[in-house]
Amino acid sequence: MSAMECDREIEIVEAVTCGRWPAGADEELQSHATSCPVCMDVVEVSLALSQDRSSGLLSAHVPSAGLVWWRAEMRARRDAVQRATRPMRIVEWAALACMLAAMGALLYWIGPSGLKALLWQPSLAFFAGLGLLILLSTVVCYFVLSRD
Amino acid sequence: MRELTYSELDRLQARALETDESLQMDQDTFSGMYERTARPLWVFLWRRTGDAQLADDLLQETYYRFLKMPNVFESEAHRKNYLYRIAANLAHDNHRSHVPQTTIPDEREPGHPATEACDIENSERRADLNRAMALLKPRQRDALWLAYAEGASHQEIAMALGLKTTSVKLLLFRARRKLANLLRGERTLS
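In order, the protein sequence lines correspond to chains A and B. Our numbering applies: residue 1 is where the first sequence begins, and numbers increase by one. Our numbering applies: residue 1 is where the second sequence begins, and numbers increase by one.
Excised from the complex, chain A in its bound form:
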């Protein structure tokens, strides 16, 4: 026997958790528990915790197994769908990022003075290109945002 544990600890815990303490427990074990400092603590703690567990068990309201199974199945399916469609979502977000980058690059390339000139002297090619870019951006945004 060391100061940290006692060989008879297991017997005491078993008696307490099975509801055989103190009535129903061996007298010799009971007298040991009153003299061994480790077992005194074990009795104190295991009585308190096992009584708490018993009253908790009596009044615990857990959901039915069927409900927990059904929720787990739904969640597993949702996770599987998310995993399967992840590459598509990455591509969609990449397309959106490319589109925004292209718009930014176009605006940067034209510059404020070029933009002013184009507004004063409208060019059909410019507005057709801009329109196409806006249309494509809208389509990409629709796919990305409608999925999320």
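To be clear, the hints were calculated from the coordinates, so they are not data collected in a lab. Glycine residues also receive a C-beta, built at the ideal position from the N, C-alpha and C atoms. Wrong hints could be hidden among the right ones.
Stated by the list, open to error - Simulated coverage check for chain A against chain B, where a stretch passes if three residues somewhere in it have a Cβ under 8 Å from a Cβ of chain B: (1) 13-20; (2) 71-81.
Claimed, not checked - Just a few of them, taken from the derived set where beta-carbon distance is under 8 Å, the chain B residues facing chain A: (3) S31; (4) E35; (5) W42; (6) L67; (7) K68; (8) L144; (9) W145; (10) Y148.
Chain A is already provided as a structure; the job is to place chain B on it using the hints.
Showing chain B alone in chain A's frame:
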């Protein structure tokens, strides 16, 4: 483009639904295991979090994660230890990410599972235990609960808490000493 995208999505969804890759056991086996383990596990989670609603959520999450694990369990005890390991980790993560709630609600308040089934003596005893347990570290509470409420061996506690058996001995010794002293102190005061 739209038609192609949706048909592709449907195909992927169908494949995902076909492969019930996820759940490691059939429903009947699960039901049997659930009936044996759910209530004690819920009480453990409730005692650990102090919140019945949160214990419900963590119970669901525990079984979900358990069902997603590959079926490598050697025995019923092995399964049970893994369940407690998942539950303890979830409770630990929750404790770190939220404001810790270490006080169990008073039995007269709604939210305490033993509200209807207790007498005054039980109520006082539990209040003492609640106060004393609140002064312990989460790992100490887990170890004590598994050892003295569930009757788990040192090896089982080590497996459930992800510790070495030698560390469990020391952890239990310190926690037990502290809790016993606190309980005796509470009794003396009352």
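Hints and how they fare:
1. Closer than 8 Å: that is the beta-carbon criterion, and the segment 13-20 of chain A has 4 residues meeting it against chain B, so the requirement of 3 holds.
2. With 9 residues having a Cβ less than 8 Å from any Cβ of chain B, the segment 71-81 of chain A passes the three-residue criterion, so the hint holds.
3. Proximity of B/S31 to chain A holds as hinted, the smallest CB-CB distance being about 4 Å (cut-off 8 Å).
4. With a least beta-carbon distance of about 6 Å to chain A, the hint placing B/E35 at the interface is held under the 8 Å criterion.
5. Of the supplied interface hints, the one on B/W42 holds, with its beta-carbon coming within about 5 Å of a beta-carbon of chain A, less than 8 Å.
6. Nearest Cβ of chain A to the Cβ of B/L67: about 5 Å, under the 8 Å cut. The hint holds.
7. Nearest Cβ of chain A to the Cβ of B/K68: about 7 Å, under the 8 Å cut. The hint holds.
8. Given the 8 Å rule on beta carbons, the hint for B/L144 holds: about 6 Å separates it from the nearest Cβ of chain A.
9. Look at B/W145: its Cβ gets to within about 6 Å of chain A, closer than 8 Å, so that hint holds up.
10. This hint holds: B/Y148 has a C-beta 4 Å from the nearest C-beta of chain A, less than the 8 Å allowed.
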